[in-house]
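Just so you know, the sequences run in chain order A and B. Going by the numbering used here, the first residue of the first sequence is number 1, and it counts up by one from there. Going by the numbering used here, the first residue of the second sequence is number 1001, and it counts up by one from there.
The hints are simulated quantities; they were obtained by calculation from the structure and are not laboratory data. For each residue, glycine too, the CB sits at the ideal point set by N, CA and C. Hints may be right or wrong, so weigh each one.
Computed Cβ-Cβ distance ranges for the label pairs, DEER-style [unchecked claim]: (1) L5/A / A1362/B: 39 to 45 Å; (2) L5/A / I1152/B: 56 to 62 Å; (3) D83/A / G1862/B: 49 to 55 Å; (4) T1821/B / P103/A: 57 to 63 Å; (5) S45/A / G1862/B: 40 to 46 Å; (6) R221/A / L1870/B: 54 to 60 Å.
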Amino acid sequence: MWAMLQTLNDEVPKYRDQIPSPGLMVFPKPVTALEYTFSMSDPSSYDGYIKDLKKFLKSYSLEEQKSLANCTDGVLFEQKGPDYVSCQFPDTLLQACSGRNDPDFGYSQGQPCILVKMNRIIGLKPEGSPRIDCLSKDENIALVSTYPNHGIIDLKYFPYYGKKLHVGYLQPLVAVQVSFESNSTKKEVTVECKIEGSRNLRNEDDRDKFLGRVAFKITART
Amino acid sequence: MERGGKRGKVSPHGQHPSRKPKREPKIKTKKKVKRDTKKKDMEELKKEVVMNDHQLTLKELSTKYSVDLTNGQSPEKAKEILIRDGPNTLTPPHTTPEWVKFCKQLFSGFALLLWISSILCFVAHGIQLYFNEKSSSDNLYLGIVLAVVVGITGCFSYYQEAKSSKIMESFKNMVPQQAQVIRGGQKMQINVQDVVVGDLVEVKAGDRIPADLRLISAQGCKVDNSSLTGESEPQSRSTDFTHENPLETRNICFFSTNCVEGSARGVVIATGDSTVMGRIASLASGLKTGKTPIGAEIEHFIHLITGVAVFLGVTFFVLSLALGYGWLKAVIFLIGIIVANVPEGLLATVTVCLTLTAKRMARKNCLVKNLEAVETLGSTSTICSDKTGTLTQNRMTVAHMWFDRTVYHDDTSEEQTGKFTKGSETWFVLARIAGLCNRADFKADQETLPVAKRETTGDASESALLKFVEQSYGSVKEMREKSPKVAEIPFNSTNKYQLSIHRHEDGSPGHVLMMKGAPERILEFCSSFLLHGQEFPIDDKMKNAFQDAYSELGGLGERVLGFCFLNLPSSFSTGFPFNTDEINFPMSNLCFVGLVSMIDPPRAAVPSAVSKCRSAGIKVIMVTGDHPITAKAIARGVGIISEGTETAEDIAARLGIPISQVKARNAKAIVVHGSELKDMNSEQLNQILQNHTEIVFARTSPQQKLIIVEGCQKLGAIVAVTGDGVNDSPALKKADIGIAMGITGSDVSKQAADLILLDDNFASIVTGVEEGRLIFDNLKKSIAYTLTSNIPEITPFLLFIILGIPLPLGTITILCIDLGTDMVPAISLAYESPESDIMQRQPRNPKTDNLVNHHLIGIAYGQIGMIQALAGFFTYFVVMAENGFMPLHLLGIRLKWDDPFLNNLEDSYGQQWITTHSCV
Chain A
1 MWAMLQTLND EVPKYRDQIP SPGLMVFPKP VTALEYTFSM SDPSSYDGYI KDLKKFLKSY
61 SLEEQKSLAN CTDGVLFEQK GPDYVSCQFP DTLLQACSGR NDPDFGYSQG QPCILVKMNR
121 IIGLKPEGSP RIDCLSKDEN IALVSTYPNH GIIDLKYFPY YGKKLHVGYL QPLVAVQVSF
181 ESNSTKKEVT VECKIEGSRN LRNEDDRDKF LGRVAFKITA RT
Chain B
1001 MERGGKRGKV SPHGQHPSRK PKREPKIKTK KKVKRDTKKK DMEELKKEVV MNDHQLTLKE
1061 LSTKYSVDLT NGQSPEKAKE ILIRDGPNTL TPPHTTPEWV KFCKQLFSGF ALLLWISSIL
1121 CFVAHGIQLY FNEKSSSDNL YLGIVLAVVV GITGCFSYYQ EAKSSKIMES FKNMVPQQAQ
1181 VIRGGQKMQI NVQDVVVGDL VEVKAGDRIP ADLRLISAQG CKVDNSSLTG ESEPQSRSTD
1241 FTHENPLETR NICFFSTNCV EGSARGVVIA TGDSTVMGRI ASLASGLKTG KTPIGAEIEH
1301 FIHLITGVAV FLGVTFFVLS LALGYGWLKA VIFLIGIIVA NVPEGLLATV TVCLTLTAKR
1361 MARKNCLVKN LEAVETLGST STICSDKTGT LTQNRMTVAH MWFDRTVYHD DTSEEQTGKF
1421 TKGSETWFVL ARIAGLCNRA DFKADQETLP VAKRETTGDA SESALLKFVE QSYGSVKEMR
1481 EKSPKVAEIP FNSTNKYQLS IHRHEDGSPG HVLMMKGAPE RILEFCSSFL LHGQEFPIDD
1541 KMKNAFQDAY SELGGLGERV LGFCFLNLPS SFSTGFPFNT DEINFPMSNL CFVGLVSMID
1601 PPRAAVPSAV SKCRSAGIKV IMVTGDHPIT AKAIARGVGI ISEGTETAED IAARLGIPIS
1661 QVKARNAKAI VVHGSELKDM NSEQLNQILQ NHTEIVFART SPQQKLIIVE GCQKLGAIVA
1721 VTGDGVNDSP ALKKADIGIA MGITGSDVSK QAADLILLDD NFASIVTGVE EGRLIFDNLK
1781 KSIAYTLTSN IPEITPFLLF IILGIPLPLG TITILCIDLG TDMVPAISLA YESPESDIMQ
1841 RQPRNPKTDN LVNHHLIGIA YGQIGMIQAL AGFFTYFVVM AENGFMPLHL LGIRLKWDDP
1901 FLNNLEDSYG QQWITTHSCV
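Construct the complete structure from the given sequences, taking the supplied hints into account.
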């Protein structure tokens, strides 16, 4: 066993064909299923989410990113090593969902922020200009806005070189803010996000409903 | 199954609406009484037939049955008796309905274990469903597959079994349809069912006897009792009381035997089930047979497996509770472990292996009726073999001759190629007498067959002589044409000779008188004897030589006939009216020619087969209805009594001391007479069976055969019994494996048996034993092989629970392995060739040499299974590591791995994985 482990590369796994295309995942992760339920008037019902978000975004704060490079937008950031640098992802890009202006991430106003991220895959080089497109199932109930605008994922964060080499790597995020119409009585909506704009990122696999897409439900009570 | 179950519930109301309420209050007590009486009945049936009707005079008989011996009883009385005794038929035994049989197949032994695990699976699935655990429906699939597997195997074995167990039907085929009775002075033809005790019945040649009869008159009547006793020769019947044993006396005819010659009239003394045949039939169909050895082994195996499964299950139940899983999870784990321990494919594997062997045995002339019997032959430690037909060729053959003061030997092998030609004049005379003074003849259209294989008419000894002459002298037909018969006195038991008068061969007007018969009777007629073609007067020297030769041949167990002739004086030339009733020709001062002795010789392959059995540790016991001397001679001939061993009688004769002084321990061999056996208690029988290695039972009755079998079984032996007659069927049924004869065997014996020897040859049994032992060894291998995969199948689950690694092997995959990839190699082990010493070792001890013992489980689980499991885990960890999950990283990620909504599971390299194949 030990001998076998010696044959493995520390930096890159031997086989990578099992994950050719990334999945999408939301953050914070609800305890059960992908259903967010909270009450605007009751902070304890969304405290957990906010705590998680804050913790998660800590590494995205400007102070933490001082050592990271400021890379050129719009092109793949390929590196030859031996040292690998990571690109900055300032949380300001998340605008309203950065938590800077609104420490409640919109939960108290009934406009909750949810982060959507693309799974890390070593060596993945997206083609075209990938973005995460989120749609509300019922526009009468709620509207969806994404930050950065249009849910763009910049190519400069790719490719990823693995935990060991690529220290301090920040994966690009897209924040989704769901704003319920103030006059709608039913404050419950399903949002579906998909990766679009890239040929090699699949988003329509019958078997895997998380491959390049994710759907979640939000229920907000007053 | 479901349908059967429903029908079972419905039928008591649906089919017999009126009966049920009447029966209900009594049902409990009635049943109990019934069972008791039934048990008593069986014991009763095992005892000898007790009757004294054959000893009564006709007058006493007439009084006993209050019947007029010329006019019969009145029709009214017959009707009364019919109501009292019931119809003259064989009562079929209480039959279990088909669906009950089917369910028995479906829910017996191993199948039950699988059913339980199947149900457990459904329970586990139900628990998961009820508590809303949206994990998977693996348990449901597993449950369904298990149910399907047992269902199919159950159907298969039901189909196998359904073909057998038709004993009673085969008995029914033996029962005649019509009977000729005399009632109220009138002859009438009635259905056999209506024949009652006391009826006056007439039978003639070609009829089947409609009930047990005590003859009151007979004209040259001969019956063929072969279906009952296995003795193939027709026996003459008369009104005389000749033997105390009702089975041997001449004046009794038995139900369902055949009348082959003459006619007779008799009083019915028993009908239906109380007839000798009826008793055998109910004994045979009512006997409960024990479990087959392989069945017992499988049961033992189930105990072991269940023990292991429950032990593991409970251990991990406790462990998982201790590890902090909820009780619900723990119960599901418990069920999972128990189910995972059940080798799903084993039942099918065993069935297929047995079927394969059964087919192979059928090619070697052993037709197996009951699958499990395939192995039984291999565990056999005692064979109770019939003599006639199995050990012997079942045809009388001339074995020795004595003339010119010399004993000549003839070839008795099956082919009988060695032609006997001796230049002596005496021999030609002897051959002519044997050919001419002989009523046997070849059946037509057999010229192309070798003489030994041709069929003949006439009794066995005459046929033997006919064939002998045809082979060594020349065409008997020609001989008979040249010297036509002018008069004859056929053989009968009072004369003990047969006489015929022929024309001279050369066409001269004189006649020659020829005679054959019991040697001492023949010698009485003679005053001279033939020596190298010359006549000499009989002197003491010759008489002594005759006595020596006679006792020598008789001692070989052979049937000896004497031959003599007389050239009649010229006064009896052509045209003389010979009268055989009032003898008008000389019958003294004949010229003695010689002796011919005949025997039913042993089959050529039998001695080597017996010695093979012996080296394989199998005791061969001969059980025959024949005379002790003949039985002993054949036993010696085939090696059942081996060369060096002696019976008590032999020792006594050698040492010249009375038998009572011979130490029983010194005599390894013994010949037991049926009448001795009758007076023995089971203790004494045990003594005989234990203290003697070479045993011959002679003059045994069917009930005694059964007692012998039971005696052997009580001593722990696995007994094989061969038999061909109806009388053997109880013993065949009772034996662990009953072996019937395919050619000579009666239908009933074939139905009662588990195995049929297609060539009637004892040697085939030995191949059967070899195959049986082989399949036992191979099944062991198959099972060991199948069991090994249990450990690599269950350890992943255990580590899944304890270490929290992702489940390496799912339920469905396990099913694929058990029922798919693992089954073919397991079955292929059935083709393994035998070890070279397979026929040199002792038969296995059913108590200690188990199919599956702790050692086998230990090796399969502890050694091979562990190695497989290690190899499996190695592969698992390698594959995982190569794809990014390092072994240590895997520990404890079970929850995250299985969470269907967690889509960014991180591996050791920082990549994030989504849940694939998630089932919600």
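Taking the hints in turn, this is what the structure says about them:
no. : hint                         : verdict
1   : L5/A / A1362/B: 39 to 45 Å   : violated, 57 Å
2   : L5/A / I1152/B: 56 to 62 Å   : violated, 46 Å
3   : D83/A / G1862/B: 49 to 55 Å  : holds, 53 Å
4   : T1821/B / P103/A: 57 to 63 Å : holds, 60 Å
5   : S45/A / G1862/B: 40 to 46 Å  : violated, 55 Å
6   : R221/A / L1870/B: 54 to 60 Å : holds, 55 Å
Checked against the numbered hints above, the structure violates hints 1, 2, 5; every other hint is satisfied.
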